[in-house]
Amino acid sequence: MASDPRYVRRFSRTERTLHWVHASAFFVLLASGLILYLPSLSELVGRRPFVKDVHFDTALAWLVAIALVVALGDRRGLRRTLAELDAFDEDDRLWLRRIDRPQGRFNAGQKVNAALTAAFALLFTVSGFLLWYGERDHRFRFASTILLHDGLMYVSLVLLVGHLYLALIYPATRHALRGMTTGSVRRDWALQHHRKWVDEDG
Amino acid sequence: MDSPGETRRYGRRTFLAVTAAGLSSLAWGKPVWQAFSHATQPLQDALLPPGLLPDGWRIYTVAASMPRFDPGTWRLQIDGLVEQPQSLTYDELRRLPRAEQVSTFHCVTGWSVKNVRWAGVRFRDLLAPARPLANGTVLSFVSAEKPYVDTLTLRQAELHDAMLAYEMDGAPLAREHGAPVRVVIPEMYGYKNVKWVERITVADAVESGYWEQRGYDVDAWVGRSNGF
Chain R
1 MASDPRYVRR FSRTERTLHW VHASAFFVLL ASGLILYLPS LSELVGRRPF
51 VKDVHFDTAL AWLVAIALVV ALGDRRGLRR TLAELDAFDE DDRLWLRRID
101 RPQGRFNAGQ KVNAALTAAF ALLFTVSGFL LWYGERDHRF RFASTILLHD
151 GLMYVSLVLL VGHLYLALIY PATRHALRGM TTGSVRRDWA LQHHRKWVDE
201 DG
Chain L
1 MDSPGETRRY GRRTFLAVTA AGLSSLAWGK PVWQAFSHAT QPLQDALLPP
51 GLLPDGWRIY TVAASMPRFD PGTWRLQIDG LVEQPQSLTY DELRRLPRAE
101 QVSTFHCVTG WSVKNVRWAG VRFRDLLAPA RPLANGTVLS FVSAEKPYVD
151 TLTLRQAELH DAMLAYEMDG APLAREHGAP VRVVIPEMYG YKNVKWVERI
201 TVADAVESGY WEQRGYDVDA WVGRSNGF
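Just so you know, the protein sequences line up as chains R and L, in that order.
Numbered according to the numbering used here, the first sequence spans residues 1 to 202.
Numbered according to the numbering used here, the second sequence spans residues 1 to 228.
Please keep in mind that the hints were generated in silico from the structure rather than gathered at the bench.
Note that the structure is a prediction, hence the values are computed from the model and not measured.
From the three backbone atoms N, C-alpha and C, an ideal C-beta is built for every residue, glycine too.
Honestly, I wouldn't trust all of these hints.
[What the hints assert, rightly or not] Derived contacts from chain R toward chain L, CB cut-off under 10 Å, selection only:
1) 49
2) 50
3) 135
4) 152
[Said to hold, decoys possible] Not everything, but these chain R residues come out facing chain L in the computed CB check (under 7 Å):
5) 47
6) 123
7) 144
[Unchecked claim] Label pairs and their computed distance ranges (CB to CB):
8) 75/L / 180/R: 57 to 65 Å
9) 109/R / 213/L: 46 to 54 Å
10) 13/L / 168/R: 25 to 33 Å
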């Protein structure tokens, strides 16, 4: 596929693994979290201590898996990706003001989404740890911890719905999903949506 | 000002700003949220159909499944340091003097539900037929959800707004809220408000309840215990 001139490679194996580790952990955490949170689901499912263990163990597995992917994967590539996500040039700033400008491998919206996802991952981890540890040491229990954890869930849900819409439904953008599964996207599509990146890579 | 062609590190700024806001919200989250939801209450009432948002309750359980209430076989046992042990049917319990109240329920994990309407029996009325002995100063509440148990002193149980509740918000207590009867003591955190009560034992010493064996305070006064 890499030799097929109609396609360009967008995401490395490390990037894709990171994405799918994060996505699958998120769905398990969301499902088990909602069972713990919504009374109707709590009653339907029962077995709260078990669901709590699933939620907690998934969070641990998620952290370990992320660390493993970073440790064993293409770290130099990840650093480059991080630098790309960090940098907003003038085209990005105009794009965010809804002015059509050529974009790099990530458009400005994807860069914002990446920054939010990273911050949320950290905040979910800290507040989740405090919920767990606060049960064991009361000096670490704060009245607002659960509010932060719940609030992150609500905002994440909104971001997730938008993400799924763009990746699965919206005709102009859903081809991007191919990049996250196989690694490459159609050159003509990339030229339309990420022209600066295709131009750079030649 | 943005000068053309210049690259700005908005990615890390976004990350750091959101992280800082989130972490600091551990200090200001609850009061700000309470003020906000109080201020927007009329708007919520006008715009949102009831039942759309979670009603604020979280259902905490410790066993694999919730006890199921069967009115035909259910009995409330009252025993221990009493002259006349009791075994009450649901109908007998409902015929005792009825008390009603509106109170706020506080969970030790940080959430609260305001203005819950309870109906039930005050402990003084509930215990009178059993005639507790003079040395019986503690009530031990045994839940049908094993192994959940917790205790109140008689003085705590006789607070003006403590009761054994069988109705919540105008309807018989729902299964997830402890059907058919639960302890309600608004001045203490939720874990003292034992659900699915099936036995009340009068004793002379306080025992550690389920969560107290796991490090929580025995006297769970709202705002004055468990590190708050």
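Results of checking the hints against the structure:
1. 49: With a minimum Cβ separation of about 6 Å from chain L (threshold 10 Å), the hint on residue 49/R holds.
2. 50: holds, 7 Å
3. 135: With a minimum Cβ separation of about 7 Å from chain L (threshold 10 Å), the hint on residue 135/R holds.
4. 152: Status holds, d = 7 Å.
5. 47: At 5 Å from the nearest chain L Cβ, residue 47/R passes the 7 Å test, so the hint holds.
6. 123: For residue 123/R, the interface hint holds, since the closest Cβ of chain L sits about 4 Å away, which is under 7 Å.
7. 144: Given a least distance of 3 Å, the restraint on residue 144/R holds.
8. 75/L / 180/R: 57 to 65 Å: holds, 60 Å
9. 109/R / 213/L: 46 to 54 Å: Given a distance of about 51 Å, which is inside 46 to 54 Å, the answer is holds.
10. 13/L / 168/R: 25 to 33 Å: Holds, at about 30 Å.
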